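Dock chain B against the given chain A, drawing on the hints supplied.
2 protein chains.
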Amino acid sequence: MTRPQVLVIGCGFGGIEAVRSLSKADVEITLVDRTNHHLFQPLLYQVATAGLSAPSVSAPIRHALRREMQRGNLTILQAEVTGIDTAARQAVLEDGTTLPWDHLIVAAGATHSYFGHDDWAAHAPGLKTLADAFKVRARVIGAFEQAERCTEADDREPWMTFVVIGAGPTGVEMAGTMVEIAHHTLPREFRRIDSRRARVVLLEGSDRVLGAFVPALSARARAQLERLEVDVRTGCKVTAIDAEGVSYEVREGDAVRTVRLPSRTVIWAAGVAASPLGRALAASTGATLDRAGRVVVEPDLGVPGHPDIAVIGDLAAAKSHPARGEPTPVPGVSPGAKQMGRAAAANLLRRLRGEATVPFRYIDYGNLATVGRRAAVVDLAVPPFGALRFSGLAAWLFWLFAHIYFLIGFRNRFFVMVDWAWAYWTYQRHARVVAEPMPAPPRSDS
Amino acid sequence: MTRPQVLVIGCGFGGIEAVRSLSKADVEITLVDRTNHHLFQPLLYQVATAGLSAPSVSAPIRHALRREMQRGNLTILQAEVTGIDTAARQAVLEDGTTLPWDHLIVAAGATHSYFGHDDWAAHAPGLKTLADAFKVRARVIGAFEQAERCTEADDREPWMTFVVIGAGPTGVEMAGTMVEIAHHTLPREFRRIDSRRARVVLLEGSDRVLGAFVPALSARARAQLERLEVDVRTGCKVTAIDAEGVSYEVREGDAVRTVRLPSRTVIWAAGVAASPLGRALAASTGATLDRAGRVVVEPDLGVPGHPDIAVIGDLAAAKSHPARGEPTPVPGVSPGAKQMGRAAAANLLRRLRGEATVPFRYIDYGNLATVGRRAAVVDLAVPPFGALRFSGLAAWLFWLFAHIYFLIGFRNRFFVMVDWAWAYWTYQRHARVVAEPMPAPPRSDS
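So the sequences go chain by chain: A and B.
The opening position of the first sequence corresponds to residue 925 in the numbering used here, with each subsequent residue numbered one higher.
The opening position of the second sequence corresponds to residue 925 in the numbering used here, with each subsequent residue numbered one higher.
One chain only, chain A, in its complex shape (with noise of 0.2 Å):
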């Protein structure tokens, strides 16, 4: 008798647990990704401003699963799923080829959204993959260059001033270490420019920073924002973004008044939607999509009147169940993405036994994000006593060792502890080099 087939799609923090739960399983498993790394993305942010390299946050999928790979039952191959075939359980490759399945865990993960503005995709670069980070890279040092060539101060403004699109945990990172960029890393390095007059400006369009946490962190991190000197601006509403900068509109009383905001260097952390995978799987499952098009799963995450596909991580619309209380949705983080992974291996092999499957439940640690040097929030759950909040440099060291614990290989945590210490003390960013073109002005009369 042959071993049924699970075929995994995506090698996120969701996909690479279900491998793992499952490669212990008598089953024949096969992880597609079109990457062949895993990426850490919590620490992508750093590769984006320089502070570590790519190969730090992040691990060749091989490797990261050499363990599981010894026991003989796992095939790994570098491709693009372009579509899936229910009918035939099938999943189609970008080069015309399948590969079938007797069970399918999709975990595809998200992208990007620009809320129907893929214009401003050109102009204001996000950040999920390596390759996005070396944009962000190149913009943002390339930035203080072409402000040191300007030979008019006029000129200068718009590649001095760095607008970050959204104050979540990516947005905030990303503004807070832009910052020390500007202050602490480039001073004494340039001749005509002061870095230190660089202006970061964070733009959200809700009322508050960190939305997911509770009011009360949310003002602290904003209260170490500006301590830190960046321009946060909250109830902004982004209506368009081109080569010379931002406009936004923010509601003063009854009236609403727009605002341009001249910069040649904008990043995009505002919104994400899930893979278009999830479109495919829609259309092949009649499965609902909701409104960022993560596919609304069971809650044993399997796809309605599909068992035998289960979706997981970023794409999956998924709630936990508790065992008290109403259903809740399970937040877009990484462990979410895990526990996603281990609960549909969990529920594939419960099924292969004959076994009824078991509603996900989400156990919530808490919430994490840093600010800055020395300034984070941290908000732990502490059953049964309820949360532990704090912030600034207790908070900044907790995520530093909770971030450094979690990275893929010991490698990477030794060599990402010794990049931390060495960028602490000295204040440099050794990854400041760029291998991609300088950013171009915009053709303009100025």
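Just so you know, the hints here were simulated from the structure itself, not pulled from any lab data.
Accuracy of the hints is not assured; some may be wrong.
Heads up, the list lumps identical chains together, so a pair's fine if it works in one copy or across two of them.
Only pairs whose alpha carbons sit at most 20 Å apart, straight line, appear in this in silico EDC-like list of lysine to aspartate or glutamate [to be verified]: (1) Lys1059 with Asp1042; (2) Lys1059 with Asp1118; (3) Lys1243 with Glu1176; (4) Lys1059 with Glu1360; (5) Lys1161 with Asp1232.
Just so you know, these numbers come straight off a predicted model, no measurement behind them.
Just chain B now, with coordinates in the frame of chain A:
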């Protein structure tokens, strides 16, 4: 009285040394480079073969020259020089603006030469810049991924065949390291392929490898390569490179046999041509170019008839003028460029003082090249005793420490040392992550 304005083009080994020598003098210096980093080119092949990350072999120019920057007479600009206007004494930049000079030092380096076959570039990337190294890394790592995807053995072979063209130091290092990846890093990480069955072919036009060394060391390098299982083929004239492989001619007695080598991964390490700026300079000054496009300079490194312009490094066809004996060509190695940088700066200062310039004299400390793990050849000049030549493990250790010693900046030195120690013991190459797209199979019926 305003200080004389010195313009230095290029921040390789020559340019950076010239700036260092000049920064203590009463001159105003502008250094212009199209990238933001000084690249330690002798270790670039390690980035291409995933052994080191880009920030380990390159330093931001502003950081490398931060001490010189403090003296207040140095401006660094990231810009591309596209033309040289000798009459107006100014360099033209890519955006049409100009940089004036009283004294010009051109250190624009070299690029690849495909010997008139520019269409080969798409199929056989060379290795001069960080972007090149990332491209090669994506090809090499991606080839094993594509081989794993193949379901037919016949399709797999070209992905498992790696061809390096040119057996100079870079070609020999690339070939030796690619074998190490196939034999030591990747085994057990694939399911369908055995990476140890990968074939690395090193093609050389002349009759020996490492032609800059004495024949006895060439022979030892070849023996070391063959012990590592590199397929070394000398006397091979490449006649065609396309998406599916390489064709070359080899002389057999009086006959010429044409050989076709199917391969999807071809690396170009054969030809070097001077920067196109050499042609611009020749057009503007009437200087002569040699066959490789290098500017033929005076004994003091000045351009004939233009004592205000010096050319150094890989762009210069310079001769060394020893105390006794005939002038000899300066080899295209980093010590040559560094010494020319210091000599050009010294001659410039002599001219400012109204003194006569001094002919350049190259001090040859010897030549070393690594072949692979624990294999290298060293040819040291030890006057007045003659030469000290050795190979094997001792040569490899010598190579290792020499390269770490000359790496720019303490941080790079330290981190490369740790990376190498790690790689040596674990056989792992930590920089195996690829942000570039996978190599696409050529459109064909296979």
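Status of each hint after checking the structure:
1. Lys1059 with Asp1042: This pair counts as within: shortest intra-copy Cα distance 17 Å, inter-copy 28 Å.
2. Lys1059 with Asp1118: The answer is neither: 24 Å in one copy and 35 Å across copies each exceed 20 Å.
3. Lys1243 with Glu1176: neither (38 Å within a copy, 73 Å between copies)
4. Lys1059 with Glu1360: both (7 Å within a copy, 12 Å between copies)
5. Lys1161 with Asp1232: neither (42 Å within a copy, 57 Å between copies)
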